[in-house]
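Asker: The primary structure of each chain is shown beneath.
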Amino acid sequence: MTTLLYTTCLGLFCMLAEVLNLRKLLIPAVILGLSAIFVVNMQQWGITTPASIGSVSLSHMVKMDNFAIAFSGLAIVISILIFVLAANYYKDDQNHISDYLSIMVFVLCGALVMFSYNNMAMLFLGIEILSISLYIMAGSRRFDTRSNESGMKYFLMGAFASGFLLFGIALIYGASGTFELEGITKYIAAGEVAPMFYLGVTLLLFAMLFKVSAVPFHFWSPDVYEGAPALITAFMSTLVKVAAFAALYRLFSHCLGGTMYYVEPLLIIVTGATIIVGNVTALSQINVKRILAYSGIAHAGYMLLGVLSSQTNAASSVFFYAAAYAIATVGLFALAIMTFKSNFSENVDAFNGLAKKNPVAAALISIFMLSLAGIPPFAGFLGKYYIFSEAIRNGYVTLTLFAVINSIIAVYYYLKVIIAMYSQPANDKPMVVHPTYMVVAIICAAATIGLTLVPDMLMQILK
Amino acid sequence: MSTSIDYLALAVQFMVAAGFVVTTMVATHLIGPKRKTADKLENFECGIESKGNARIPFSIKYFLIAILFVMFDVEVIFMYPWAVNFRELGQIGFMEMLFFTGTLLLGFLYILKKGALKWH
Amino acid sequence: MSLYLFLTLAILTIISALAVVFSKNPMYSVLWLIVCFFTIAGHYVLLNAQFLAIVHLIVYAGAIMVLFLFVVMLLNLNADTEPHKSNLSKIASAIAAGLFFVVLIASIRATALGEFNLPNKTNIGFVEEVGKKLFTDFLLPFEISSVLFLSAMIGSVLLAKKEKK
Numbered sequence: 000m001t002t003l004l005y006t007t008c009l010g011l012f013c014m015l016a017e018v019l020n021l022r023k024l025l026i027p028a029v030i031l032g033l034s035a036i037f038v039v040n041m042q043q044w045g046i047t048t049p050a051s052i053g054s055v056s057l058s059h060m061v062k063m064d065n066f067a068i069a070f071s072g073l074a075i076v077i078s079i080l081i082f083v084l085a086a087n088y089y090k091d092d093q094n095h096i097s098d099y100l101s102i103m104v105f106v107l108c109g110a111l112v113m114f115s116y117n118n119m120a121m122l123f124l125g126i127e128i129l130s131i132s133l134y135i136m137a138g139s140r141r142f143d144t145r146s147n148e149s150g151m152k153y154f155l156m157g158a159f160a161s162g163f164l165l166f167g168i169a170l171i172y173g174a175s176g177t178f179e180l181e182g183i184t185k186y187i188a189a190g191e192v193a194p195m196f197y198l199g200v201t202l203l204l205f206a207m208l209f210k211v212s213a214v215p216f217h218f219w220s221p222d223v224y225e226g227a228p229a230l231i232t233a234f235m236s237t238l239v240k241v242a243a244f245a246a247l248y249r250l251f252s253h254c255l256g257g258t259m260y261y262v263e264p265l266l267i268i269v270t271g272a273t274i275i276v277g278n279v280t281a282l283s284q285i286n287v288k289r290i291l292a293y294s295g296i297a298h299a300g301y302m303l304l305g306v307l308s309s310q311t312n313a314a315s316s317v318f319f320y321a322a323a324y325a326i327a328t329v330g331l332f333a334l335a336i337m338t339f340k341s342n343f344s345e346n347v348d349a350f351n352g353l354a355k356k357n358p359v360a361a362a363l364i365s366i367f368m369l370s371l372a373g374i375p376p377f378a379g380f381l382g383k384y385y386i387f388s389e390a391i392r393n394g395y396v397t398l399t400l401f402a403v404i405n406s407i408i409a410v411y412y413y414l415k416v417i418i419a420m421y422s423q424p425a426n427d428k429p430m431v432v433h434p435t436y437m438v439v440a441i442i443c444a445a446a447t448i449g450l451t452l453v454p455d456m457l458m459q460i461l462k
Numbered sequence: 000m001s002t003s004i005d006y007l008a009l010a011v012q013f014m015v016a017a018g019f020v021v022t023t024m025v026a027t028h029l030i031g032p033k034r035k036t037a038d039k040l041e042n043f044e045c046g047i048e049s050k051g052n053a054r055i056p057f058s059i060k061y062f063l064i065a066i067l068f069v070m071f072d073v074e075v076i077f078m079y080p081w082a083v084n085f086r087e088l089g090q091i092g093f094m095e096m097l098f099f100t101g102t103l104l105l106g107f108l109y110i111l112k113k114g115a116l117k118w119h
Numbered sequence: 000m001s002l003y004l005f006l007t008l009a010i011l012t013i014i015s016a017l018a019v020v021f022s023k024n025p026m027y028s029v030l031w032l033i034v035c036f037f038t039i040a041g042h043y044v045l046l047n048a049q050f051l052a053i054v055h056l057i058v059y060a061g062a063i064m065v066l067f068l069f070v071v072m073l074l075n076l077n078a079d080t081e082p083h084k085s086n087l088s089k090i091a092s093a094i095a096a097g098l099f100f101v102v103l104i105a106s107i108r109a110t111a112l113g114e115f116n117l118p119n120k121t122n123i124g125f126v127e128e129v130g131k132k133l134f135t136d137f138l139l140p141f142e143i144s145s146v147l148f149l150s151a152m153i154g155s156v157l158l159a160k161k162e163k164k
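Chains as they are written, first to last, in numbering that gives the first Met the number 0: chain H, 0 to 462; chain G, 0 to 119; chain X, 0 to 164.
In short, the hints are calculated from the structure, not lab data. All the given hints hold, so there is nothing to weed out.
In silico EDC-like links for lysine to aspartate or glutamate, alpha-carbon gap of 16 angstroms or less:
| hint | chain 1 | residue 1 | chain 2 | residue 2 |
| --- | --- | --- | --- | --- |
| 1 | G | 112 | X | 162 |
| 2 | X | 132 | G | 87 |
| 3 | G | 113 | X | 162 |
| 4 | X | 132 | X | 142 |
| 5 | H | 428 | H | 348 |
| 6 | H | 340 | H | 427 |
| 7 | X | 160 | H | 92 |
| 8 | X | 131 | G | 87 |
| 9 | G | 117 | X | 162 |
| 10 | H | 355 | H | 427 |
| 11 | G | 113 | H | 92 |
| 12 | G | 60 | X | 162 |
| 13 | X | 131 | X | 142 |
| 14 | X | 132 | H | 179 |
Same shape as in the complex, but just chain H (with noise of 0.2 angstroms):
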């Protein structure tokens, strides 16, 4: 609760500095604002005090158990390397400098109602907040006819997406009168569970799984990461799609788990096929945001199977997979960035030859694609031992397996990359390097492994 609050504080410090001039202050104060809430963030881990305002109690709105704690804080170090790139990526837009950050720490307060709601219409007005700034950012680079397409495309299909959240939402309510998770709970307990209650429980999964960009609701995300700004192509792959997962994960091991034998032949058709679209689309692409994009709806995929695993507290396992994800994306895109802005070009063979020019760089980038391809002994490789495991224990040994397959065609596409930077010719374009890229890429890269050292510890941690 002190975390969403402070973090407003902090968006609307940021629409302040337009207001007093003070533009060259935003970024390090932002910065030094951000490290100061993941603090205050952590300091409330292990204490359920009932979240309120004065005298009027609003645990019935959120509740920050550990849970929303850990992703809480995972999402504010993920937004931390974010801003820390958009110093230099804006640093020819001084002008808007201010509306980009204000939006980019709304995003973050979406997202931190979406890890603690503990009502159906916080779910739904934390979405709605991290949806509606994402819309702008997609489309805010006005000049640019990809950017317009990518935020109006996103735009159009969100709200549809919105819609049916709305429609799920309201039909629950219709069918248990309550919007409280604990009520919908008891309501699936008592055991006489309208019809209509179902269809609402399928209307509202389908906005999430489109949120998540899950086949067959995915066919929004390649274009829209395409069109949009490298850094929020950023921002949205990776705290936006962690943001997404936390939301659907604790709706259904905090509120829906009862209807799990009912979304269950659903979602192991959803993840069977958001696995195996993703891997093999992402194959033949040669934009390198349109591969992260399929990437990215890859790793939705194995996320889901940690979903399915909610009824175990699988929840470690997908904190685990998302930071790892999340990490390794942050720091592959810090690279990506820069090869772009050096090249004029975002397609693969950007990439060529870059080991001659920038072996560090090189070296990085192949940490981060090893990780997201699961090759130990890197941070993605332990996510998804984690995540797999965790299905084999609740019975899914043939989704499971099917995974695996699956993450062995995606080496190929993480290949195709590396393979450029080592072994075709260098082009003549010289790569410009900037120290906030590298230097956030090196703390992506540690992470990357260090993560791997204390896995037993975050293992623990929402035990």
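With the hints as your guide, set chains G and X onto chain H.
Answerer: Chains G and X in isolation, oriented as in the chain H frame:
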């Protein structure tokens, strides 16, 4: 205790108002004499022959003002249920509303600073 | 009496909603949408939710429709730029939407109505009751919605403001 039936009078009045408009429009149309010629059906532009098309895309500035209006319109709507309960909600209710409007006031300052309401 | 009112309103709502979709001219679509919003406001009154009905009229039929008209005027309506959609996608979407409709009707029909206890008050939709709920139980969503407004404000200025170059 009022129910929807109490609004019947309102509905009747609404129908009378709408009916009056429709009736007069239809009646004048039927009663008035009509001599249609090509010149008379032409769009009137100060007697000068019309050029081009009326359907030109118009300035986005109108849209910006309109969308900002909607935002503050919705804000004001929230004040109505608050004002009705002003006494019962007491000091806490006042602070709640102060926080809400304060946040949006910041937004308004921001809009002013950005010059979004300037016409030129 | 109430039933006939409801039926009339429901038929009007459906007709006007269909007219929105089938009108060739987008201007007419928008005007039919206004009729649709008015009939929906009528439904709110029948449900004894007066506050919602008025808000619906002021915000949707008033403000939002102006925005819709503006958007239509911003579009280039001269050229026949409407892309031709293939029949296959039309048929597929008709089948999908039809199936969804059938499931929706079936599941709502199968739900025995009156399963849960309605609060024993008739003034639930009145402005006092809405206010009491909004500023106590739903305080946090209310405050958080200001973030949504701010984000939308910044966004509209960011996307629509003319640049000084």
